[in-house]
Amino acid sequence: MAEPVKLIGAVGSPFTHRAEAALRLKGVPYELIHEDLDNKSELLLRLNPLNKTVPVLLHGDRAICESLVIVQYIDEAFDGPPLLPEEPYDRATTARFWAHFMEHKFSMPFWMALWLDGEPQKGFVREARENLALLEEHLQAQGKKFLAGDSVGYPDLAGSYIPLMLDMFKELSGTSLMGDDEYPAVRQWVKEYNSDEAVKSCLTNKEQLAAYFRVKKDKYKMMVKAMLKQQ
Amino acid sequence: MNEPVKLLGSFGSPFTHRAEAALRLKGVAYEFIQEDLGNKSELLLRHNPVHKKVPLLLHGDRAVAESLVIVEYVDEAFQGPPLLPSDPLARAAARFWAQFAVDRCLRTLFKALWTPDGEARRGFVAETKENLALMEAQLEGRRFFGGDEIGYLDIAASGLAWLTVLEELAGVERSMIGEEEFPALCRWRGEYTSHEAVKACLPSRDQIVAFYAGMKERLVLLAKSMQKK
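From first to last, the protein sequence lines stand for chains D and C. Numbering-wise, the working numbering puts 137 at position 137 of the first sequence, and it's gapless, one number per residue. Count along the second sequence starting at 1, add 1000, and that's the number in the working numbering.
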């Protein structure tokens, strides 16, 4: 009765990672279809005409787009360990609130700090650090291994770009986001995330990931500069 | 089990409205606490220290922030007509289109409204209309995005109901959501704003005007800063 599951994704994409990690955590067998984002397949363009991007989940003949929508779908459509807490209040406050924070409040300054230079970069580094402080406070107050409990869940997947990219932040951006003795709870969360069995099994090799971003560096730098100029 | 429900909000704000609409549709009794956004209360700052924004739902001593998170919470924590469908694929579709409505319609519409006349503004208007056409298609002749009843996606997109008043305030001559181009959306808007439960928490034209009064300069600046995102 189990319909085939396929995930269209791209190496190095933190969005693809969210979906893949969710499948692994839930224990759902799937086939990964590699997409070359510089030469998009007809399949991708047909299944995601609106955004033309990865990841796209194919469950039988159903196509689901948008990484966090996919993660929630995986949680709801398949049996397996829950990715969100059971209790409505915990679902709303720890899980969804922090996922929203990761996606909407933190990702922008993080991304801009990574690819900008000089004064503009400093501003975004400041903003990213302010957000790190909020995250640190939450992790300390909650006292659990992950953002919504003791196992990897929805908000951790939303924020997974941090554990994926923190190591290479200095090399890629030319600046440091946090000192070695700063934000200990965040550091611990990053460590726990990267050592989780299910996550590890689908993590792109760090060297490969770093190489991917080195190649993209100039392109991303140009893109964010253009974004800033558009005023 | 019957802990008091309070909603901290700013009447006239489309974000506050989402939370109120969800409570009304679910049939949850609540107390509305009007928040003065220029002078935020200690209650708000204590319970929403991360964002310091409304709406904020207080259920007993539990605080829930972020309008769409509140909508899902109301759907899950209380008995009443479901706001999200039960089928996972239908839920995924509602969430996908809600994200689209928020990011690609309401946000672009905001920029279109508050960017001064010129090429940039024309670009935002064109983009808004392109994206609204997709929302139009999603309605597929149904009363609401949720089918026969108001659902999560209708609530997420409800800011579109504010549009004519805002266009008036911004000095727009012809509405972006015209009858000819968007017959289904116009009909949806009528259905939404005349729905019994929603009507009770929909601000009047004067209340919307009052909410946005004195904000115009700030909105123009905000639209300008949004151009880089």
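Treat the hints with care, as some may be off.
[Unchecked claim] Here are the simulated distance ranges between beta carbons: (1) A1029/C / R62/D: 36 to 42 Å; (2) S201/D / G1190/C: 48 to 54 Å; (3) G1141/C / A2/D: 30 to 36 Å; (4) D218/D / Q1034/C: 33 to 39 Å.
[Unchecked claim] From the derived model, a few chain C residues whose C-beta atoms are all more than 12 Å from chain D: (5) R1143; (6) T1193; (7) F1211.
Keep in mind that the hints were calculated from the coordinates and are not lab data. Just so it is clear, CB atoms sit at the ideal spot from N, CA and C, and this is done for glycine as well.
Structure-based check of each hint:
| no. | hint | verdict |
| --- | --- | --- |
| 1 | A1029/C / R62/D: 36 to 42 Å | holds, 39 Å |
| 2 | S201/D / G1190/C: 48 to 54 Å | holds, 52 Å |
| 3 | G1141/C / A2/D: 30 to 36 Å | holds, 35 Å |
| 4 | D218/D / Q1034/C: 33 to 39 Å | violated, 51 Å |
| 5 | R1143 | holds, 24 Å |
| 6 | T1193 | holds, 27 Å |
| 7 | F1211 | holds, 23 Å |
Figure legend: structure checked against the earlier numbered hints; the only hint not met is number 4.
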